[in-house]
Each structure stands twice: as structure tokens, then as C-alpha cells.
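Assemble the whole structure, with the sequences as input and the hints as a guide.
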Amino acid sequence: MTRLPRWADLALIPALNLALAFLVAGLVVIYIGESPLRALRIMIEGSLGSAYAWGFTLYYATSFIFTGLAVAIAFHARLFNIGGEGQALVAGVGVALVCLSVDWAHWALALPVAILGAAVFGAAWAAIPAWLQATRGSHVVITTIMFNFIASALTVYLLVNVMRVPGSMAPETASFPPGAALPTGREMLGWVGIAFPRAPVNISLFLALICAAGLWVLLWRTRLGYEIRAFGQSDTAARYAGIPAVRIIMIVMLISGGLAGLMAINTVRGEGRRRVLDPVQGAGFVGIAVALMGRSHPVGVVLAALLFGILYQGGSELEFEMPAITREMILVIQALVILFTGALENMVRMPVERLFARLRQRRA
Amino acid sequence: MDFITIVQILESTLRLAAPLLLACLAGLFSERAGIFDIGLEGKMLIAAFAAGAFAAFTGSAWIGLAAGITASLALALVHGLASITFRGNQLISGVAINFLAAGLTALVGNHWFRQGGQTPALPQDARFGALHWPLAETIGALPLLGPVYGRLVSGHSLLLYLAFAAVPLTWWVLFRTRFGLRLRAVGENPAAVDTAGISVTLQRYWAVMICGLLCGIAGAYLSTAASASFNTNMTAGKGFIALAALIFAKWRPYPAMWACLLFGLLEAIGIRYQSIAVPGIGVIPVQLMQALPYILTVVILAGFVGKATPPRAGGEPYVKER
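Protein sequence lines correspond, in order, to chains A and F. At position 31 of the first sequence (counting the first as 1) the number is 31 in the working numbering, and the numbers step up by one without a gap. At position 2 of the second sequence (counting the first as 1) the number is 1002 in the working numbering, and the numbers step up by one without a gap.
Please keep in mind that the hints were generated in silico from the structure rather than gathered at the bench. Note that the Cβ used here is the ideal one computed from N, Cα and C, for glycine as well. There may be inaccurate statements among the hints.
[Said to hold, decoys possible] Which residues of chain A face chain F? A partial, calculated answer using Cβ under 8 Å:
(1) L27
(2) I30
(3) L331
(4) M347
[As the list claims (entries may be wrong)] SDA-like, lysine to any residue: derived pairs with alpha carbons at most 20 Å apart:
(5) F:K1320 with A:R349
(6) F:K1320 with A:H139
(7) F:K1320 with A:R354
(8) F:K1250 with F:T1309
(9) F:K1250 with A:H139
(10) F:K1250 with A:R136
(11) F:K1320 with A:M350
(12) F:K1320 with A:P351
Here it is as C-alpha cells:
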């Protein structure tokens, strides 16, 4: 097969895949008896139409950047970390422990410690599957799935039996001290004199963007990044070149788990300000769709995370305006995006490649 | 703990193990042919919904079963297209199928019935009711043997018996027929099968469709036999427990049955007792019981207690040499 020009590979194929996903989603909307164009308008207005809407869209996007990067770095080493959900759940406990440990005087003091807490707890939860994959050959997909369920049971146990406020029925921790509260979008824009409504977007959006930039530097500007990508291209060739497989698998999975864990900064510390029963809400799985759509590139991941932020915020508006279409429409779209950009990618790629080959022949 | 309590727990073990077993055998066919399937959950879920919905529409459990199987087969076909024809990533396809089922069942269910994604409660004759074996009443009155015969052997739905009958059938098909030999061969060494002039593609499609069929029965069991309607996210991770059981059983039919019974037993104990006090150890929380199937599977996968080796060509799309 001839190789595709770069623009077709990076833009045309994802665009066609996405168009197919939305086409099928549109057919579902038509079947429900609503107009897909009106649904699209409500979703876009509901997610981008006002400063308030942006405040939610960017809040969702922040979580998805973290989980998307987590899946993306693993993809570069040809590992599939499906355990972002569990890693973020455990990281939420870490964030809560940090925030509740002392009466923080200032948010900026608590931030590095909370980042450490989230990353270490998230990475620790990825460490066992990583170690089993690296040394025992246990398939990391299956073990991370199992660890999602174990994380869920473990954190429910901790919340109900250990971390719950004594005397309270709700399975959640105490509220964090005011000093641990992260600056929201409203406060941050207030510093520069811009009015912004009360919305959950907070300073961790910048943390997510820094992580995206950091990942790009790591993957394409460092020796380790080269080794990771080499290992992903061919683990046998990498081994032959003296790149130790165990080390790469461990490092990649620990970074991946740490990144997934960082989303807890956004949801647990930024928005909830306490650890509730499920602060992840499927964002770990959205990361799979985001990484696939973003072609595992940090820029692509940020753009795809924004798109899914629009979907999640627009989807809740849609439920409000069109009662016939429930929130689960988002799951359908998410599934179709994963299906067409991930599993059925060749369905589009093969005909496009053939088309380009024919064009090239005619020119020659 | 008295005798009748034990019988009751075992009875509920059987009922909880049956859908796991059907899904586990479904995965067995697919994975033995080299197609990983983490979409068991989604296929079961959509089948449970379709069975519950069509049994409610028509008043017939059988039409419900057929609808459930059809829905599950449709998703199996998507998985086949993605992983066989278009040589995509089988794991990603499975993830997509799980989300597709979770989304579509809630969305379409709400559109059809307007009950928040639930299907209407089925009357008794639109369900797979309990089958009473001959002399169940007479023998049931006897001490000891009575409860065992009356509650464990007799008194279950047809689909439960089907689940357990599928175990020897699966063993026979896989290990005693030409079809089964070829199916296992495409999961181990597809190139050799191809050289022998047998279509790897066709053989793998067969496996994936049998997987769809069995997942369809498992789903129908949930909504038309074990309970009387479909609820949102009814499978609640059963597909993944079945997957765990499959690995725990190292991809073999009879051990799969024991693994499903074990996981069913854990669930039955977890439902009956919120926490269990073990003398000398302390109180075992219910969450540990829920997590135990997954923990056991990781231990097995780690190879500390016997190595679980998946079919060698599992997860690899087959590319015919040209």
C-alpha cells in the first residue's frame, strides 16, 4: 500500500471517521423522532453559547485531557491502559488525604502536594498491572479492567467505613478546608478584571495543558520518549537495540496512571471539594475515545478533549431541551467515535488509500 | 448455619451463575478462535433489553428470546466486521460495543416505554418460569433429599438448564468435532489453517456469531427469567465477571462452569450477608466479596497459581499472504 500524504493521515481520515460517527448518531436522533440539526444547534449553543456554558465545557475538557493523555502515552508504547477509571478513583482518595491532612493556609501551597498525592496514588494503582505485564506477561488490558472493579470496591469500602464523616449517612469525606479550594475560572478572570459566571472550570485546566506540552517534549524531544516510541513500533527491535522492556513498560504505565490520577485535582479538589462516591463518572473511558480521536498526539488529545467537553456539556443541555433524548445519547456518540476512529478505522482508510494510489498513478 | 440456609445459598448460586456461564462460554468460543471479546457485557445488555422489550410487546418469552439473540448477533456482527474484515483492534471494538449497548438500551428504552429506560413488568406467562420436575412435590417433602431435589435440581427456568447443558455441548463441539478443531486452530495458528485450504475469515465469523448467540441467551435470561423486566445497566459488570471466569478457567469449558459457580457463590454470599465475621480473622466486608472474582483473576493471570495462557493468535488480525 502507498502511504498517504501527511494531511490526509492527520486530518482527512479523522474527519471522515468523525463524520461517519455523527451521521450514525444523527440517524439515531431521527429514529427517536427529533431533528438532528436542531439537536446539534442546542448542543453547540448549550456548550459554547455563553461564558457560563464555556465554564462547564472546559471543566469537562480538563478531565478528558488528563485521561486522554494517559491513554495516549500508553498507546505510544503499544500498551492499552483501560484502567484510567480505577486509577482516577484511587487518586481521588490521595487528593482527599492531602487536602484533609492539614488546614491549608493557601491553595498554592496545597497544589504541589495535591498533585503529588493524585499522581502517586494513580501511578500506584497502575503499578501492579504494569509490573505483571512487564515481568509475568499478564495482559495489561485484562488486569487494568479487573483493577477498575477492585478500585471501585476498595474506594467504596474506604468511604463508607474509614473516611466518612462520623454521624453522616452520605458516603463522602468531609469538605476540604477553604484554604485548599482551587481558584475557579471566575476568580482567575477576576484577577485581570474580567467578569465570569460561577462555573466549575478551575486552574487545573492550565495544569492539563502543561501536562500536554510536557508529554510532547517527553515523547519527541527526549531519549526516553524515543525509546518509548521505538518500543511501541517493535518491541523485539527495541529489545535488540538494548532498550529494556521492563523499564519502558513500567515507566509508561506509571506516567499513564499518574496522568489519569491528575484528573482528580480537577474533579475532587476543584469542583467537589470533597471525595464523593464516584468523582470520575466515566471520564477514564472517555480518555480512550479522546486518545483515539486525537491520534495519541498531545495537540490532538487537547482538541478531542474539547470536543468531548462540548459533547458532555451540550448533551446535558440537550436532555433539558429535548426530553425524548436522554443523557445516554452521549454514550452512543462516544461509542460511535471509538468504533469509527478506532476499531473500524480501516474501513475508511483502505478506500482512501486506494483512491490516493489511483490519483498518483494517473499523475505519473 | 443450618442445612436449609446452605440449600438456599446454593440455589441462589445456581441462578446467579447461569448468566455468567452462558456469557463465559460465549467468550470461550470467540477467544478460542483468536478473537478477544471484552464486549460480552454490551452484548448481554442489549440482549436483555431486546428480550424484555419484545416479551412485553408480544407477551411471549420466546419472541423475547429471539429478539435478544438477534440484537446480540447484530453487535457480534459489528465486532466481526471490525476485528476480522477490517482488521481493527479487537479490544477497542469491544469497548465501543459496551458503550453502544449502554447508550442505546437507555435511549431507545426511554423512547419506547417512557419509564426512564426500564421495560414494563412482564406477566408470568411472558417469562421463562420455573420448570417443576416429576415428583418434585413428593420428594420435596422428604427431609434432606427433599430441599436438594426440590430447590437445586427442580424449579428453575428452562434457560438455566440450557446454560448448564451448554457446558458438555461446548466441550463436545470444541474437542470432538472437525468444526471445533478448526475453530481452535484458527486461534492458535491461523496460517496453518489457511494453508490447509480452510477460510480463516469464515471460521472466525462462525466463532464470533456463536458468541453472539450465547450472549443473547444470557441477556434474555436476565430480563425474562431471573427478573421480570429490563432495568438500566442491568448486567452491572456480569460480562466482565464472565470474562474473569473465562481466564480463571484457562479457556476450558468444564473449569469455566466451576469458575462461574464459584463467582456465583461469592455473589450469593455477598447478597445474603452484608459482612461476614470469620473467627480469628475478623469481619470480611461485603466489598471484598464483590472484588474477590477480580482479585482471583489477577492472581491467576499473574501465573502464581498455574499459568493462564491465552490462545496464541488471540487479538491478532489475520493477514493472508499475497
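Verification of the supplied hints:
Of the supplied interface hints, the one on L27 of chain A is violated, with its beta-carbon coming no nearer than about 12 Å to a beta-carbon of chain F, more than 8 Å. Interface hint status for I30 of chain A: violated, as the beta-carbon distance to the closest one in chain F is roughly 12 Å, over 8 Å. Checking L331 of chain A against chain F by beta carbon gives a least distance of about 3 Å; that is within 8 Å, so the hint holds. This hint holds: M347 of chain A has a C-beta 5 Å from the nearest C-beta of chain F, less than the 8 Å allowed.
Of the pairs offered as hints, the one joining K1320 of chain F and R349 of chain A holds, with about 18 Å between alpha carbons and a cut-off of 20 Å not exceeded. Among the hinted pairs, K1320 of chain F with H139 of chain A is inconsistent with the structure: their alpha-carbon atoms are about 26 Å apart, more than 20 Å. For the proposed pair K1320 of chain F and R354 of chain A, the alpha carbon gap of about 19 Å is at most 20 Å, so the pair holds. Proposed proximity of K1250 of chain F and T1309 of chain F is supported: the alpha carbons are some 7 Å apart, at most 20 Å.
At most 20 Å may separate the alpha-carbon atoms for a hinted pair to count; K1250 of chain F and H139 of chain A meet this at roughly 13 Å. For the hint linking K1250 of chain F to R136 of chain A, the alpha-carbon distance of about 16 Å falls within 20 Å, and the restraint holds. Using a Cα cut-off of 20 Å, the hinted pair K1320 of chain F and M350 of chain A holds, with the two alpha carbons roughly 16 Å apart. Straight-line distance between C-alpha atoms of K1320 of chain F and P351 of chain A comes to about 19 Å, which keeps the hinted pair within the 20 Å bound.
Hints 1, 2 and 6, counting from the list given before, are not met by this structure.
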